[in-house]
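Undergrad: Guided by the hints, dock chain E onto chain X, whose structure is given.
As given, the protein sequences belong to chains X and E, one line each in that order. If you're matching positions, the first sequence starts at 1 in our numbering and goes up one per residue. If you're matching positions, the second sequence starts at 1 in our numbering and goes up one per residue.
Just so you know, the hints here were simulated from the structure itself, not pulled from any lab data. Check each hint, because a few of them may be wrong.
Derived list of chain X stretches under chain E, where covered just means 3 residues or more per stretch with a C-beta under 8 Å from a C-beta of chain E [what the hints assert, rightly or not]: (1) 16-24; (2) 80-89; (3) 132-140; (4) 143-156; (5) 189-195; (6) 276-286.
Keeping only pairs whose Cα atoms sit at most 27 Å apart, straight-line, the calculated DSS-like set for lysine-lysine is [said to hold, decoys possible]: (7) K116/X - K38/E; (8) K265/X - K387/X; (9) K265/X - K169/E; (10) K86/E - K321/E.
Listing some non-contacts, in silico: residues in chain E with all C-beta distances to chain X over 10 Å [unchecked claim]: (11) G48; (12) T56; (13) K337; (14) I372.
Quantities reported herein were computed from a predicted structural model and do not represent experimental measurements. Where is the CB? At the ideal position from N, CA and C, for every residue including glycine.
There are 2 protein chains.
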Amino acid sequence: MTKVAILGFGTVGSGVYEVLKTNKSGIEKRAGQPVEVKYILDIRDFPGHPASKLFTKNFDDILNDDEISVAAEVIGGAKIAYEFTKKLLEAGKSVVTSNKELVATHGAELLEIAEKNGVSYLFEASVGGGIPIIHPIHQCLTANEISEIFGILNGTTNYILTQMIKNGKSFEAALSTAQELGYAEANPEADVEGIDACRKIAILADLAFGKELDPDKIYTEGITNIELTDVEYAEKLGSVIKLIGYCRRDGERVFARVSPMLVPKSSALSGVDDVFNAILVRGNAIGDAMFYGKGAGKLPTASAVVSDIIDAALGVSRPIKWVRTKNDIMEDIKSTKSIWFVRTDTKDKAYAKELFGNVSFTEIKEDEFAFITPLLTEKELAEKTGKLNGFKKFIRVLE
Amino acid sequence: MTKVAILGFGTVGSGVYEVLKTNKSGIEKRAGQPVEVKYILDIRDFPGHPASKLFTKNFDDILNDDEISVAAEVIGGAKIAYEFTKKLLEAGKSVVTSNKELVATHGAELLEIAEKNGVSYLFEASVGGGIPIIHPIHQCLTANEISEIFGILNGTTNYILTQMIKNGKSFEAALSTAQELGYAEANPEADVEGIDACRKIAILADLAFGKELDPDKIYTEGITNIELTDVEYAEKLGSVIKLIGYCRRDGERVFARVSPMLVPKSSALSGVDDVFNAILVRGNAIGDAMFYGKGAGKLPTASAVVSDIIDAALGVSRPIKWVRTKNDIMEDIKSTKSIWFVRTDTKDKAYAKELFGNVSFTEIKEDEFAFITPLLTEKELAEKTGKLNGFKKFIRVLE
Chain X
1 MTKVAILGFG
11 TVGSGVYEVL
21 KTNKSGIEKR
31 AGQPVEVKYI
41 LDIRDFPGHP
51 ASKLFTKNFD
61 DILNDDEISV
71 AAEVIGGAKI
81 AYEFTKKLLE
91 AGKSVVTSNK
101 ELVATHGAEL
111 LEIAEKNGVS
121 YLFEASVGGG
131 IPIIHPIHQC
141 LTANEISEIF
151 GILNGTTNYI
161 LTQMIKNGKS
171 FEAALSTAQE
181 LGYAEANPEA
191 DVEGIDACRK
201 IAILADLAFG
211 KELDPDKIYT
221 EGITNIELTD
231 VEYAEKLGSV
241 IKLIGYCRRD
251 GERVFARVSP
261 MLVPKSSALS
271 GVDDVFNAIL
281 VRGNAIGDAM
291 FYGKGAGKLP
301 TASAVVSDII
311 DAALGVSRPI
321 KWVRTKNDIM
331 EDIKSTKSIW
341 FVRTDTKDKA
351 YAKELFGNVS
361 FTEIKEDEFA
371 FITPLLTEKE
381 LAEKTGKLNG
391 FKKFIRVLE
Chain E
1 MTKVAILGFG
11 TVGSGVYEVL
21 KTNKSGIEKR
31 AGQPVEVKYI
41 LDIRDFPGHP
51 ASKLFTKNFD
61 DILNDDEISV
71 AAEVIGGAKI
81 AYEFTKKLLE
91 AGKSVVTSNK
101 ELVATHGAEL
111 LEIAEKNGVS
121 YLFEASVGGG
131 IPIIHPIHQC
141 LTANEISEIF
151 GILNGTTNYI
161 LTQMIKNGKS
171 FEAALSTAQE
181 LGYAEANPEA
191 DVEGIDACRK
201 IAILADLAFG
211 KELDPDKIYT
221 EGITNIELTD
231 VEYAEKLGSV
241 IKLIGYCRRD
251 GERVFARVSP
261 MLVPKSSALS
271 GVDDVFNAIL
281 VRGNAIGDAM
291 FYGKGAGKLP
301 TASAVVSDII
311 DAALGVSRPI
321 KWVRTKNDIM
331 EDIKSTKSIW
341 FVRTDTKDKA
351 YAKELFGNVS
361 FTEIKEDEFA
371 FITPLLTEKE
381 LAEKTGKLNG
391 FKKFIRVLE
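Chain X extracted, bound-state conformation:
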């Protein structure tokens, strides 16, 4: 029998309770033992809730109860959740979580504390919601040297972009619909500015490359500047615009970035729509493997948390480890090469060709044109676009 505490009874926390209850007999069979919730920690009251006896507002009830061997931290944030997680791990209890902010900012330290205390710190739910991605990278692809990971890591922005692409809605209108449907929060900043995707790509890079990146130093660009005109150009160029989290290793150097990109329709990522996520992992033995599913939501995320609870209960997880660095392993975004989609309102095509080589022009409205550059660093691009009279914007292109 494993007794579990759920810390935080929001969307994910109530989902964890629901999944453990609904799939009780199957979970018990597969875990080889019953898994029972003994406490639910939340500062709020839930009068009349069927599990009302389990609620507590006192964290020490959980910390000091020797029967609790696993806690699910689904509070979120990197303050109180950080304190609680540290204390629980130090008390010899395993912690599983969906808290990407905490894993991205303090993962190395918490994994080290878990190792020292002979317990697990697991976070399958922190990236891709219910999609198995942390275990596959850490366990199933461990025979590979992973060179690149990239994908659609945020369901809210993917929903908004899909609405813009398929239904011709403006960013603002699509965001409103997403908010009405509960796909976007009242304050959508963490999603639309790419902060959520940044934390996720940081975790994937940490895991695959073994060194902790500071998420604050990862170049992060959201989708608030994407206009319908960009979407139309992309369509004409055989592409769609997606928010892509990207990381790559070159020897000891690591590069990570979150930005909108033109994704060619030949890429498997181009067909990933609505709130779905997909993550592509490139290894030297497997080639490309892709993982696809709902990247958020109550039950998918809870599904991943509960699978980690079972792993922690069985003690069968392969220890995860990455180390803190001074971040001097991170490659500067200015010096990495991309190909670029450039929009400009100058009519001086000849000059654009002089600057960028023999590029092809695409036009969808008067007084401007667009083209795809050859491989250039951001610095080189900035120098050249600085010389164009009517330069409007650039967007990276996924090769």
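TA: Coordinates of chain E only, in the frame set by chain X:
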């Protein structure tokens, strides 16, 4: 230090050796210990091979060597491989394998022997080549009740169908090309008749539903009867033809099948081309998750075998278990409902409507037409098509 024996030095066996050598330092770091090949068993000679000292023709060298804790059985087949696997497990050695035939036919028994002897029998490589699918289902999705699994499980047939769809090649011409490129064997029966896909869907059903199906009793239809005309009809109906392995649970009953299907272009599976595989898993918490990658090939398959070697060495795999049954849990294919693509050369459209309801007709050549039926059992379909004068063929449609 873990010392390993490789049984069989064919494509996968040599790939396992290569991956362990090429990625040696990364594997050692992630496994926390060196992983070294001590023996390679093969009846053939490999004169001048750099690892020539490791070769043996005597299985007992491996069986009786206490230093060997893990063996990779990549011989294939269910005879000698079965004997060797049993003996190794009984001798307290873990066995990892890519051998789908053996796992599909004797999995329950071998898993039981492994459990009794406190060792592991692991087979991530048996389905989907290098794509992580066995561990994700068994471990990451364990909080779900899985209701359905289906997908493209055989790279050879998917390559042939892609050639037919994209390049208008006939089945025979596409098969020839596949053979020239090494994607199909000289005797392609196991692939084109669906036998390989049948073993794989049997393993996935066993794993997800906990009961061993007899692969010989699974309805298995290959792609040898698929003509270019079918491909053209599918295109006109907004679909592509794919060979789909499918399994489903209804309460205590399990249903499994391998057959060509019309896959609508709105399905993520429709875009999976060439030798790629993709497997969709439907669970009650996660919804749909899809796993995509190269389903065969030396290094991808070896990547999965080596990840299992590391799991076995670390002793961190969650025990897999399914039980033998008398197969009376299997639902009869005749009583399961599908929607069907029907081709007929009768001109009697009115009579077809009388039989099948208000169906829409598609025509691409003279003297025949096609239509999609409503949901019907195979028995109902046969009764109705028996009454059509010029009935030609039917193909299942993926809903």
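Undergrad: Does each hint fit the structure? Answer for all of them.
TA: Hint by hint, here is what the structure shows:
no., hint, result
1, 16-24, "holds (count 4)"
2, 80-89, "violated (count 0)"
3, 132-140, "holds (count 5)"
4, 143-156, "holds (count 3)"
5, 189-195, "violated (count 0)"
6, 276-286, "holds (count 4)"
7, K116/X - K38/E, "violated (33 Å)"
8, K265/X - K387/X, "violated (31 Å)"
9, K265/X - K169/E, "holds (24 Å)"
10, K86/E - K321/E, "holds (16 Å)"
11, G48, "holds (25 Å)"
12, T56, "holds (24 Å)"
13, K337, "holds (26 Å)"
14, I372, "holds (23 Å)"
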